[in-house]
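As a plain string of letters, each chain reads:
Number of protein chains: 4
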Amino acid sequence: MAQVTLDALNRTDAAGFTEALGEIFEHSPWVAAAVADKRPFASLQALLDAMAAAVKLAPAVQQTALMRAHPDLAGKAARAGEMTTASVAEQSSAGLDRLSDAEFADFHRLNDAYRDKFGIPFIVCVRRHTKGSILRSFAERLAHGPVAEHAAALAEIFRIAALRLDATVDAPERLKVHGHLSTHVLDTAQGRPAAGVAVSLIELSTGAEIAKAVTNADGRTDTPLIAGRPVPIGTYELRFAVGDYFRAAAVADPPFLDIVPLRFSVAEPEGYYHVPLLVSPWAYSTYRGS
Amino acid sequence: MAQVTLDALNRTDAAGFTEALGEIFEHSPWVAAAVADKRPFASLQALLDAMAAAVKLAPAVQQTALMRAHPDLAGKAARAGEMTTASVAEQSSAGLDRLSDAEFADFHRLNDAYRDKFGIPFIVCVRRHTKGSILRSFAERLAHGPVAEHAAALAEIFRIAALRLDATVDAPERLKVHGHLSTHVLDTAQGRPAAGVAVSLIELSTGAEIAKAVTNADGRTDTPLIAGRPVPIGTYELRFAVGDYFRAAAVADPPFLDIVPLRFSVAEPEGYYHVPLLVSPWAYSTYRGS
Amino acid sequence: MAQVTLDALNRTDAAGFTEALGEIFEHSPWVAAAVADKRPFASLQALLDAMAAAVKLAPAVQQTALMRAHPDLAGKAARAGEMTTASVAEQSSAGLDRLSDAEFADFHRLNDAYRDKFGIPFIVCVRRHTKGSILRSFAERLAHGPVAEHAAALAEIFRIAALRLDATVDAPERLKVHGHLSTHVLDTAQGRPAAGVAVSLIELSTGAEIAKAVTNADGRTDTPLIAGRPVPIGTYELRFAVGDYFRAAAVADPPFLDIVPLRFSVAEPEGYYHVPLLVSPWAYSTYRGS
Amino acid sequence: MAQVTLDALNRTDAAGFTEALGEIFEHSPWVAAAVADKRPFASLQALLDAMAAAVKLAPAVQQTALMRAHPDLAGKAARAGEMTTASVAEQSSAGLDRLSDAEFADFHRLNDAYRDKFGIPFIVCVRRHTKGSILRSFAERLAHGPVAEHAAALAEIFRIAALRLDATVDAPERLKVHGHLSTHVLDTAQGRPAAGVAVSLIELSTGAEIAKAVTNADGRTDTPLIAGRPVPIGTYELRFAVGDYFRAAAVADPPFLDIVPLRFSVAEPEGYYHVPLLVSPWAYSTYRGS
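Residue numbers (my numbering), protein chains in the order written: chain A, 1 to 290; chain B, 291 to 580; chain C, 581 to 870; chain D, 871 to 1160.
Because the hints were derived from the structure by calculation, they are not lab data. Source: prediction; values computed, not measured. Honestly, I wouldn't trust all of these hints.
List of simulated lysine to aspartate or glutamate pairs, EDC-like, C-alpha gap at most 20 Å [to be verified]: (1) C/Lys756 <-> C/Glu850; (2) C/Lys756 <-> C/Asp746; (3) B/Lys466 <-> C/Asp746; (4) A/Lys117 <-> A/Asp49; (5) C/Lys756 <-> B/Asp508; (6) A/Lys38 <-> A/Asp49; (7) A/Lys212 <-> A/Glu237; (8) B/Lys466 <-> B/Asp362; (9) D/Lys987 <-> D/Asp971; (10) B/Lys466 <-> B/Asp339; (11) A/Lys176 <-> D/Asp1088; (12) D/Lys1046 <-> A/Asp218.
Label-pair ranges, simulated between beta-carbon atoms [claimed, not checked]: (13) C/Leu722 <-> D/Asp1092: 55 to 65 Å; (14) A/Gln3 <-> D/Gln873: 38 to 48 Å; (15) D/Ala1087 <-> B/Ala538: 52 to 62 Å; (16) D/Ser970 <-> A/Gly271: 51 to 61 Å; (17) C/Leu722 <-> D/Lys1046: 38 to 48 Å.
The beta-carbon is built from N, C-alpha and C at its ideal position, and this holds for glycine as well.
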């Protein structure tokens, strides 16, 4: 998506401003319109705060309309091609466009139960989640009372808006909406970085390989495994092909260590996760690093 | 199986001796008969060595007949109920009685290729193997020339005989045919053994859970995960439910570590494998211990 | 010291009983005499409990006399040869017989201050302590009020009595007065126990080497570094000559790791301390094990 | 020392050039003079290489004169204040100005033995060494034959020149004469960097504390422990006050871990040494990192 600068947004007319930010809140350009005359905004965060304040100050019926403007997760709108481009990309990020028929039926059933109870679709900031965490979140939020759930839905809408704003507007100071996931392989038998180790990152609730790389001379991947976006809440497995790396040193066939899996969970999508591997042909360690 | 003592075998008549050990070599009581007058045997190893020597000294045609007395792996004899009781139990140990149709077809094809090339069934000491290592071994041995493969088949027959002898005869000094696999969980955040951790051992070529236990007050399982038998050649995953164990200490939901998998391979079925886990809510290590 | 059995003590006459146990409480055979007619004792613990009860029931003046029967720590009695054999051995165990003149003056000053304040000598179960922990304990107890300190002194007297009883009387069930300190060296570069590693145990408050050993084929010392006695409260350094062990694997001169020191403290003299070393030429770990 | 730029050196007249670099080789401005007309030099390395070539091409008698221009290590010149400023600073860096009388006598004896054998003073690039490694080097080089030792002395002279050139001349591309020593403390009980840990770096041959710092919010020291200079060949102990750091979490008094010493040796003064500590109240690890 071509980005507009915050400076340009501050200088354009109200119509241009509203058009540029019309889909930051799903099908709800009135939110942008409501803050157009509060310009100039000193920062992206100030702009986001103003838009969130406009939503909070809106009448309940308008808030509910905003909520209802959101598509069902993995719903019929997706299959019918009726979602916004942003929603399509968001739902794809968690694999919700690749559900089995049984999973599709599960989501359908949860969506219906949620709508029956709260009168709105289930809204969640999908880019911060995996299929597994969405299902867990669904179950937790179905147990809410209406007041708590209204607040939860709003909070998710603001998280979605923050990510869309981050993707749409270029500003010197970024929103804090990105996380970080990286690794580092040290060869403790030889006292040096392990170069040339194939690394694969699996998201376990879908089984999808979401990143792969080979370590460089410093034992790191050339770029972080995840950066510039949230690290979705969920459970991951990093798999390191240390058997191939240690082939020369192997004294047994099969070697004691071949593929080393490190399994860990992410709870803070905006967090910094560094998960190194210290490894010899016979031993390994990991820890949450910094 | 009711055991007979080595002492009793040394004292009985030749017919009784041959009957007791008639199936140590598959459908081939002549091996036992050939060593009956070499009694008394000072040890189980001496008995095994004598039987192996009798096989090695036998004419080629008799060796080939011994080889042909073995059933196909995962073959029709199994499905038709025509194998010795020992063979049935052995093949079951590696999961060869629970193959999918595709796997059954694979084995059938390999068996045929092997018989076409060498004129004998593929013989392997199944208790020392997993489905994965059998398939790997099949491929390696199909590449052999006839002399090397004749020797390989004999070596496997002697390994099978050793395990049958170990199961059949009680003697003060045992044959060295057993391996050991154990674990131990230390809580490095609290400096003490981790008690009450659920542990599961998965054999990865079949995906079967072959042992499960809960750690005791010393952080160990009450009995080793594998003892009193070979540790089959293959790749394993130990899975530790540390998330449940650390529940009270959890500061994030989901916790950083939940199920910790340790993946390692076994190359020496008679070896001693101790695979401990040192773990805090945020870090873990393992190593081949002793 | 030649041991007497609990059974024999239960069967001898009162005079013999009192003579055998007359020095369990320093220069105070009246304690043994007071429990002679409570025989037979089912266990060493029952005997100890009875003797402790007799002391607790004694008039205050007699308790004070018992306390005053104890020698000063590192005091003039030691230099003048007027202590019981047991006291001599006990004070030597913490190095109190090898003080510098300055340290001797320190102890003298503390002893005097303590006597001035409480009217009794400073009593501590020296076998559970190091010079460092005695000095720390001295400072802490000087801050006590008289009631708390009377209780503290009695508790130490009972600890001394327990160790003397353990050394004097043979019984099937032992008193729980011993601790344990052991180590284990694993070579994580080669996946096996590290044999032939020289290990030295230093008590840091005196700098004395209190144990030394070489690891055996299992990477352990043939006997624990400390067993059959309390592990004195204090700070220790285990030093492992891994540079010599890894000499063949050394790729740099000097090697990255040569002497590896592990420094740790002991707070529970009756505790089980297992302090292993996992080491490659470039990395090491330790932990309180079990 | 005020630095001159390489560019200025390339542009000044020959006399200015020679004056600026007259002490790069001890008391031997002829080396600079010999390369003045080879200017301009494209890099510091090219300048160093030219000066080294001039020394290598000089007649043997002039090389010997250059060697004899160097002071004795820890010699009378030092005590008499007759050394160049550079030599004074260099010898101080290894603690050679703070020797005990016995050590001074040792050096004197070694110097005399060396002069008797080779007819020159013992020359070593002191900034790359510790007292311990100098003494070891002394012993090794005394065993040389004259040809090997002549080459060894020249190599040290070039190392000294490289460091002096690096300190004297400012150029865009630096000489590779600096090493790096840093640390990092991770709290594996809490899964985050350990902030506020006091760290001390001891050089063991002199016992001198050569750096001290407190870890920052990222668990690192604000600047590396050693940077911008060689890491002297020798053995070091990093000491971390983890007992104070974990005070709140302490469950025993004294805590199991208080001061954690990591002991390691440096063989390559221009190398990159990162020595992290992963630590809980009950366990720790280290490794040569990157």
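Numbered hints the structure breaks, given as an ascending list: 3, 4, 8, 9, 13, 15, 17
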